[in-house]
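Q: Protein chains in written order, with full-length UniProt numbering: chain A, 1 to 185; chain B, 1 to 185.
Don't read these hints as lab results, they were simulated from the structure. Please note that a few of the clues may not be correct.
Identical copies carry no separate label here, and so any pair may be met within one copy or between two of them.
[Stated by the list, open to error] Restricting the straight-line Cα-Cα distance to at most 20 Å, the calculated cross-link-like pairs of lysine to aspartate or glutamate (EDC-like) are:
(1) Lys164 / Asp13
(2) Lys164 / Asp83
(3) Lys181 / Glu119
(4) Lys164 / Asp64
(5) Lys181 / Asp13
(6) Lys181 / Asp83
(7) Lys164 / Glu19
(8) Lys181 / Asp58
(9) Lys181 / Asp33
(10) Lys164 / Asp178
(11) Lys164 / Glu100
Just so you know, these numbers come straight off a predicted model, no measurement behind them.
Protein chains: 2
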Amino acid sequence: MARYSKTDFPLHDARCHLETGPIVLVSSAWQGDTNIMTMGWHTMLQFTPALFGCYLWDGNHSYDLIRRSGECVINVPTADLADAVVGIGNCTGSRLDKFEAFGLTAMAGSRVNAPLIDECYANFECRLVDDRQVDEYGLFIWEIVQAHVAPAVTEPETLHYRGKGQFRVAGRVLDYSDRFKPQNL
Amino acid sequence: MARYSKTDFPLHDARCHLETGPIVLVSSAWQGDTNIMTMGWHTMLQFTPALFGCYLWDGNHSYDLIRRSGECVINVPTADLADAVVGIGNCTGSRLDKFEAFGLTAMAGSRVNAPLIDECYANFECRLVDDRQVDEYGLFIWEIVQAHVAPAVTEPETLHYRGKGQFRVAGRVLDYSDRFKPQNL
Numbered sequence: 001m002a003r004y005s006k007t008d009f010p011l012h013d014a015r016c017h018l019e020t021g022p023i024v025l026v027s028s029a030w031q032g033d034t035n036i037m038t039m040g041w042h043t044m045l046q047f048t049p050a051l052f053g054c055y056l057w058d059g060n061h062s063y064d065l066i067r068r069s070g071e072c073v074i075n076v077p078t079a080d081l082a083d084a085v086v087g088i089g090n091c092t093g094s095r096l097d098k099f100e101a102f103g104l105t106a107m108a109g110s111r112v113n114a115p116l117i118d119e120c121y122a123n124f125e126c127r128l129v130d131d132r133q134v135d136e137y138g139l140f141i142w143e144i145v146q147a148h149v150a151p152a153v154t155e156p157e158t159l160h161y162r163g164k165g166q167f168r169v170a171g172r173v174l175d176y177s178d179r180f181k182p183q184n185l
Numbered sequence: 001m002a003r004y005s006k007t008d009f010p011l012h013d014a015r016c017h018l019e020t021g022p023i024v025l026v027s028s029a030w031q032g033d034t035n036i037m038t039m040g041w042h043t044m045l046q047f048t049p050a051l052f053g054c055y056l057w058d059g060n061h062s063y064d065l066i067r068r069s070g071e072c073v074i075n076v077p078t079a080d081l082a083d084a085v086v087g088i089g090n091c092t093g094s095r096l097d098k099f100e101a102f103g104l105t106a107m108a109g110s111r112v113n114a115p116l117i118d119e120c121y122a123n124f125e126c127r128l129v130d131d132r133q134v135d136e137y138g139l140f141i142w143e144i145v146q147a148h149v150a151p152a153v154t155e156p157e158t159l160h161y162r163g164k165g166q167f168r169v170a171g172r173v174l175d176y177s178d179r180f181k182p183q184n185l
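Hey, can you work out the whole structure from these sequences and the hints?
A: Printed below as a string of structure tokens:
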């Protein structure tokens, strides 16, 4: 049974789950091989089409799968998955099935071949739209083509990496919506 | 009197304050004009030299100051500054001195002409190193050339924007350092 009940999420609102700067799990697939990596260097770049940029190190096993397939899924984990997040970031998928090793469930996406991680409350299917900055900066520019989010998770305890093996967990909500110009909401 | 006592911070460790994905205040200066903008779309790109990428909208008054000067300062505010952060993001500096309007103090940097915001616990002086992605993506690539951080602030209550006028505040610390490979710390 799926961990979360997820629904299609508006691509224009992807920032609601990515702009906070969470550590994400990047899943990928190429010719029967799949992998997962932990990633924290990323940013939104555009609302519509939804563009997302991230840095990937070419020493990662995932790098080849992602570059060859031109696809990935950005999965957002919460604090209950911290053991898996840290474990995944500290081993290589070249000799290990990370889904099996960390008890994670691969689910089929709808627009890409890379698998979704069921245990993450939000999944963003991505297609590579610009690799011109990859050789110089390791910077991949993606279009988010499909998004799945569990609507029941309204205050996800996302993980925010601060180096030295430590994370901050997303805490309380500050609602300033009444002080925003309507066009800025 | 300065709000914080700050010391030089190792550039290689800039991620400790930026990778968590906080909303930042970008300060800039050009020919006697200064400005501040609120910004949430950014990412680390490299440790050494410390490279940092961010998206800036060309409709912002700051955009011209930043593009012309090729400099900015990335200032990290905490939750006590939320009123100013929201106010700055919802007005334009073309007709307003934002330092004066929001009670913020401009301090001289050491490597760039853009001012530091004293009330922010961390300030990163940046020089533009690559503007080739600016026209297409609004993406500026910066080298962080000097960093100032208040060492007394060990768990800053940074603001993480999730859209719709709402922020998450950085919460509790999870220390997984004993599960990291030494080369990953």
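Q: Could you figure out if Lys181 and Glu119 sit no more than 20 Å apart (CA to CA) within one copy, between two copies, both or neither?
A: neither (36 Å within a copy, 25 Å between copies)
Q: State whether the alpha carbon distance between Lys181 and Asp13 is at most 20 Å within one copy, between copies, both, or neither.
A: Cα proximity of Lys181 and Asp13: one copy only (17 Å, versus 36 Å across).
Q: For Lys164 vs Glu100, is the C-alpha pair at or below 20 Å within one copy, between two copies, both, or neither?
A: This pair counts as neither: shortest intra-copy Cα distance 27 Å, inter-copy 38 Å.
Q: One pair to classify: Lys181 and Asp58, alpha carbons no more than 20 Å apart. Within, between, both, or neither?
A: between (42 Å within a copy, 18 Å between copies)
Q: How do Lys181 and Asp33 come out at 20 Å by Cα distance, when the copy is not named: within, between, both, or neither?
A: For Lys181 and Asp33, neither the intra-copy (48 Å) nor the inter-copy (25 Å) Cα distance is at most 20 Å.
Q: How do Lys164 and Glu19 come out at 20 Å by Cα distance, when the copy is not named: within, between, both, or neither?
A: between (22 Å within a copy, 12 Å between copies)
Q: Quick one: Lys164 to Asp178, C-alpha cut-off 20 Å, is that within a copy, between copies, both, or neither?
A: Only across copies: Lys164 and Asp178 sit 10 Å apart there, 38 Å inside one copy, limit 20 Å.
Q: If the cutoff is 20 Å on CA atoms, where do Lys181 and Asp83 land: within, between, both or neither? Let me know, please.
A: This pair counts as between: shortest inter-copy Cα distance 14 Å, intra-copy 41 Å.
Q: How would you label the pair Lys164, Asp83 (within, between, both, or neither) given a Cα cut-off of 20 Å?
A: within (16 Å within a copy, 31 Å between copies)
Q: Is it within, between, both or neither when you check Lys164 against Asp13 at 20 Å Cα-Cα?
A: between (31 Å within a copy, 9 Å between copies)
Q: At 20 Å max between alpha carbons, let me know whether Lys164 reaches Asp64 within a copy, between copies, both or neither.
A: The answer is neither: 27 Å in one copy and 37 Å across copies each exceed 20 Å.
Figure legend: structure checked against the earlier numbered hints; hints not met, in rising order: 3, 4, 9, 11.
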